[in-house]
Structure formats: C-alpha cells, structure tokens
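Please model the entire structure based on the sequences and the hints provided.
2 protein chains.
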Amino acid sequence: MLGLMNQQILLASRPRGVATLENFRLVETSVPTPAAGQVLVRHRWLSIDPYMRGRMSAAKSYAAPQPLDAVMIGQTAGVVVESRCSRWKVGDEVVGMGGWQQYAVVDGEDRQGLRKVDTSRVPLSAFLGAVGMPGVTAWYGLNKIIEVKPGQTVLVGAAAGAVGSVVGQLARVRGARAVGIAGGPEKCAWVTETLGFEACIDHRDHADVRSLAAALKLACPDGIDGNFENVGGKVLDAALTVMNPFGRVALCGMIAGYEGEAIPLTLARLILQSRLRIEGFIVTEHPEVWPEALRELADLIVDGRLRYRESIAVGLAQAPTALLGMLTGANFGKQLVSLE
Amino acid sequence: MLGLMNQQILLASRPRGVATLENFRLVETSVPTPAAGQVLVRHRWLSIDPYMRGRMSAAKSYAAPQPLDAVMIGQTAGVVVESRCSRWKVGDEVVGMGGWQQYAVVDGEDRQGLRKVDTSRVPLSAFLGAVGMPGVTAWYGLNKIIEVKPGQTVLVGAAAGAVGSVVGQLARVRGARAVGIAGGPEKCAWVTETLGFEACIDHRDHADVRSLAAALKLACPDGIDGNFENVGGKVLDAALTVMNPFGRVALCGMIAGYEGEAIPLTLARLILQSRLRIEGFIVTEHPEVWPEALRELADLIVDGRLRYRESIAVGLAQAPTALLGMLTGANFGKQLVSLE
Chain A
6 MLGLMNQQIL LASRPRGVAT LENFRLVETS VPTPAAGQVL VRHRWLSIDP YMRGRMSAAK
66 SYAAPQPLDA VMIGQTAGVV VESRCSRWKV GDEVVGMGGW QQYAVVDGED RQGLRKVDTS
126 RVPLSAFLGA VGMPGVTAWY GLNKIIEVKP GQTVLVGAAA GAVGSVVGQL ARVRGARAVG
186 IAGGPEKCAW VTETLGFEAC IDHRDHADVR SLAAALKLAC PDGIDGNFEN VGGKVLDAAL
246 TVMNPFGRVA LCGMIAGYEG EAIPLTLARL ILQSRLRIEG FIVTEHPEVW PEALRELADL
306 IVDGRLRYRE SIAVGLAQAP TALLGMLTGA NFGKQLVSLE
Chain B
6 MLGLMNQQIL LASRPRGVAT LENFRLVETS VPTPAAGQVL VRHRWLSIDP YMRGRMSAAK
66 SYAAPQPLDA VMIGQTAGVV VESRCSRWKV GDEVVGMGGW QQYAVVDGED RQGLRKVDTS
126 RVPLSAFLGA VGMPGVTAWY GLNKIIEVKP GQTVLVGAAA GAVGSVVGQL ARVRGARAVG
186 IAGGPEKCAW VTETLGFEAC IDHRDHADVR SLAAALKLAC PDGIDGNFEN VGGKVLDAAL
246 TVMNPFGRVA LCGMIAGYEG EAIPLTLARL ILQSRLRIEG FIVTEHPEVW PEALRELADL
306 IVDGRLRYRE SIAVGLAQAP TALLGMLTGA NFGKQLVSLE
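In order, the protein sequences belong to chains A and B. Just so it is clear: in the first sequence, position 83 is 88 by the working numbering, and no numbers are missing. Just so it is clear: in the second sequence, position 23 is 28 by the working numbering, and no numbers are missing.
Mixed in with the good hints, there may be bad ones.
Copies of the same chain look alike in the list, so a pair counts if it works inside one copy or between any two.
The list that follows gives simulated cross-link-like pairs (lysine to any residue, SDA-like), each with its CA atoms no further than 25 Å apart [claimed, not checked]:
1) LYS94 with VAL127
2) LYS154 with HIS291
3) LYS222 with THR197
4) LYS222 with SER66
5) LYS222 with PRO70
6) LYS94 with GLY113
7) LYS222 with ALA68
8) LYS154 with TYR67
9) LYS222 with TYR67
10) LYS154 with ARG280
11) LYS94 with ARG47
12) LYS94 with ASP112
Keep in mind that the hints were calculated from the coordinates and are not lab data. Source: prediction; values computed, not measured.
See the structure below:
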C-alpha cells in the first residue's frame, strides 16, 4: 500500500498511579508491505479492555508488560486488504491482535494470529465483544468455575460492561437468577429492563462495605451461589458476606486495583466460614472452550436471547481517552474505537 | 454408676478479645444412668482442637456457637462402661463427641454418635489425631483440594501441629516435596529431621510478610504448587507471593484470627495474577472420604511412614489451659487431655 500512512499509538511512558493521556503518543509511519506468507489487515475496530491497564505497568503479572515506544497491544477486527498467503484472500473479515494502529501486517500461517469471522449473522464489532474475548470470559467463568445450576443466584459486577452483561444473560439462559452491580441509574435500568437481570444495585449509592452488603442481602433473598467478580476490593468483601455455603467466586478482574491501589480482601475469614471456592482465571489460557462458547454466544444473539451494547469512540486518536474512561466506568457496554 | 461423680467443664462466658481461664467453669454432677438404648462411656482422652475457639464466640460461623453454661464441645476417646444397647458391649473402645467431661451418656443407635476403634494396631489416643479428624483433614485438603502430584512443592503451615504434620508426610508419600512453617527451632528440627520435610521455616524469625516471603522463596526454589493453609493473615499473604500459576490453597483454618483479630488478605490480586484456586473446607462435611482416609492413615502409621507426636495435659481441669496454650502455639503435635 505504497504511499499510504499508518497511524499508530505507542506507549510513551508508564503511569505513576493513575494513567493519563501523557502516557501515550500518536505517530505516523508508512503502511508496511507484506512479505511472502504475510497479509495486510486494515483495522475497522479496536477493542478497549481493562487488562490493557495492567500491561501498561512494569509490575509482575501473568503477562509481560507492554514494551515502551511500541504499538499498544489490543484485539482488532478488520479486513484483509492485501494477501501473500494462500490461506487468506482480500476481503476476508478477521479478528486478531493488531494493536492500536490502522494497519497491521500479520503472518498468515500463524494459527494464533488471525481468525476469520462470519458477519452474515452478527456484525463485525461483536466479535470483539459478546462473541469475542469478553463473551468467552463470561462463558468460561460461569460454566467452568461457578458451574451455575438452575435456581441459583449469580451476582455480576460491572453488569453493564462487555463481560458482565453476558454473564447475567447466560445465567438466565441456564435457569439461574442474575443480580447485577453497576454505576448509575441509567446502567442499572438497562441491566434489569433490557437484559432481564432480577435486580441491579447502583454502587454509587453505597459508600462502604456494610451499606453495599445490606443492599445485596435485599436483592438476593436466597443468598449468592456464584459471584462473577471483576471489581475486587470492597465489592468483593460485600459479596462474600452474602454468599451461601459452598459458593463459587470466578475472579476475572480486579478493576478496583488497576491503578496500583492496594485492594485487600478484608473478610478473608468468610472463605473458610462459608467454605467458598475462589478461582482466578485468564480466558486465553483455555482455548479448548472457545469454539463451543463462540457457537453458543452467536446462536443466542441470533435468537435475540443475548443483547449487547457498544460505546464507540471515533478515530484512532481517541483510543487513549476511551481506555482511561473505561477504567472509571464511563463506558456503557463494550468499549470500541471505530476506525472508519 | 450410682454414687460416682462426673466432673465437667462448662463455657461460663464468651471471650471479649483473647480467651481466658475465666471463660470456663469446672462443676461436678452425678454420673448419669443410661436409659434403654443408651450407653455410658468413660472418657480416657479429650481432643483439644483450634475450632473450639470459634465455637466459644457468638459470631456467625459455619457451626452454631457452643451454648453458655453447657459442657464444652469436643471429640473424646474412651471405653463403654455400661450398655443398654445391643450394638455395644462393656469394654468397647470408642471415639465420639462426648465433650469436656469424664463420662457421657450416648444414644447407642445414633450412627453419628460413637465409632468403635481397633487399638490392636494404633493406640486409642491416635484416633483423636493422626487417625482421627486432624488426619482426615490433612488427607482431604491434600488429595481433594490441592490434588497433589509427584514432584510438586506443598507448603504446610503449623507444620508441627496435628494436621500439618500429617499433611507434609502424606505429601511425601505422594512423591511431593513438603516445606513447613512452625514456631521455634525445636519444632522446625522435628519437622525436618523426624518427619522428613525438605525444610521448615521458623516464623518467629520473620516479623513481616516481606521477610517471610523471602524465606519461602529460598526454601521453595521451584515455587509453591499447593498451600495447606491453617494460619491465615500474613502467612497466607507471604505464601501467595511464592505460589506458582494454577496453584491451589486448601484453607482449613485461620488460627491467626481466632481471637477476633481482623485478618485481611492484603495481596488478593495475586489470586488473579497467578490464577490460583482458594477453597475453604470443613472435613466433617465430607463423610464419604473418611473410611478410605482412615484406612490409609492407619496403614501408614503401622508401616512407620507416618509419625506423630502428642502434647498431653493431665486431668480434666487442665483442658482450658491446654486449649489456650494451643492457640498460641504452646503445643507440640496433637494436644490431648488425659483423664487417667
């Protein structure tokens, strides 16, 4: 694509405390030319996800930190615009890990690289959300860790987000009762009225663990059997106080601590008293469930039993703002950046 | 047993903070006469266990509090001295939940009541320790929660105690490496030299999480795969920092918080980062494993592959002192009260 420019966003510096726009830098380079065996993908959508904040830090975690002065990591959805690999043809719609840039050159033979998607049933952007990593995260935690049963109550943090919204709807499909926690009356109304959760608690109404725990007790008269936890800190403490014996906690995130804050679990003794199981997981480590999960999630969308919502920022330059906003709950549903 | 007296220890008051001898009261009553279907058991041994401290409090837990002015709850080992039930005869050696008293009348038909034991292979007191609830606790946590595999490293808190000493030896039987934590050089030496743990860390040498974690890293060069946790608080925090991805924590006690102290888990984010599973359990809720576990534990003792040690207080009146001492680590091995 001679002569075309490729805008990219690099990680310019690591945050000290709260991440800011100054941690990023927009640059322009030439669009690279694919070598033999490679394809050139033009990105239509960038996925914005909480894990990105963790990668910005140098602290030890399950994944290596995002390198400085390199293109920000991230899932992407786009179209093959040039192919020098027989597996791919121009016009193929694909998802991959293209990062925060307009174009990416990808090894066409790498089975971990691009995945072709069928947009005849669900739109391309959904493969970054309800039929993508967030959806499979919900599916795995609910089915493989919580092992939800009909009649149980499942608590879902960040219930209006990309993961939480799927967790609650899947729980309902399994015959369970979903109760959400979200920030603000608009999100809570969407969670109950559109997604069919039994109740949704506005965490802004509850400044401390005691108040939130009391609200959870009211919303969960039979207690909580499964807790899909993606917030941590006080929210997890409050949930533990309402959990039934032998309850399960699927721990997929601790967004409360993503800016480096300490997030102690104050009521750890409840793990013993209520004989709870708490398990942390990273969905990319369980590739064996992806085909089954993606199939069910797509079917549920087509059937109208799985609804989703997107917050769309327009233009690559908006990606940092979109990420920082998501970390404070500014998004409503899946946060995306549109590149067209 | 007309004319004989039965000494009993009652819970006189609930502790405010640290439990004291004033929370107990010694009384004397007549030895009761068994009615039809009942048997009279003379106790030879009282078992002293950490869970008793929890029962002394009125706080909500997995079990109902010990009632005030009633005989303190507890496992007992003794001999049937009078029987009005065809299932039992005078001289039968039994374990049961007779409580802190010299004699108890028991319903002979209650399958949850007495259990006859065979002292031809192991002595009666062992049925309160290595071949009793502590031993099965070790067996369950190691096999059903940690699911230990050959070559793994298992960390064992309170390693010189009734439960911990069995955990480490069972781990070795399974081909794993056991590393202990205990209080004082004498206990640590017994754990490594007599029980065959690879290493034992004296927690008295380590005032904070950082120091203990550094010692654990040295003692566990390949990381920790399974943590049998019965202490909680800082010990658990330190262990989490050294745990390998997908490690398991079997949580059977939090003795650090038994006097009512808060025991926050400061490094909860590590559950996610290392994709750990933490599970609390109460061994009496898993009766299905008891026969298999007790059989293996007795066989290992007979084979000389499972060693144990007892701290014996003499006389019923010493039971409160024995319990309070155990809560601060004064015991060495299984804490018992001898009634003969």
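Right, here's what the structure says about each hint:
{"no.": "1", "hint": "LYS94 with VAL127", "in the structure": "within (21 Å within a copy, 75 Å between copies)"}
{"no.": "2", "hint": "LYS154 with HIS291", "in the structure": "both (22 Å within a copy, 21 Å between copies)"}
{"no.": "3", "hint": "LYS222 with THR197", "in the structure": "within (17 Å within a copy, 48 Å between copies)"}
{"no.": "4", "hint": "LYS222 with SER66", "in the structure": "between (34 Å within a copy, 17 Å between copies)"}
{"no.": "5", "hint": "LYS222 with PRO70", "in the structure": "between (39 Å within a copy, 23 Å between copies)"}
{"no.": "6", "hint": "LYS94 with GLY113", "in the structure": "within (10 Å within a copy, 80 Å between copies)"}
{"no.": "7", "hint": "LYS222 with ALA68", "in the structure": "between (37 Å within a copy, 21 Å between copies)"}
{"no.": "8", "hint": "LYS154 with TYR67", "in the structure": "between (30 Å within a copy, 23 Å between copies)"}
{"no.": "9", "hint": "LYS222 with TYR67", "in the structure": "between (34 Å within a copy, 18 Å between copies)"}
{"no.": "10", "hint": "LYS154 with ARG280", "in the structure": "both (18 Å within a copy, 23 Å between copies)"}
{"no.": "11", "hint": "LYS94 with ARG47", "in the structure": "within (13 Å within a copy, 86 Å between copies)"}
{"no.": "12", "hint": "LYS94 with ASP112", "in the structure": "within (13 Å within a copy, 80 Å between copies)"}
Every hint from the earlier list agrees with this structure, and none is contradicted.
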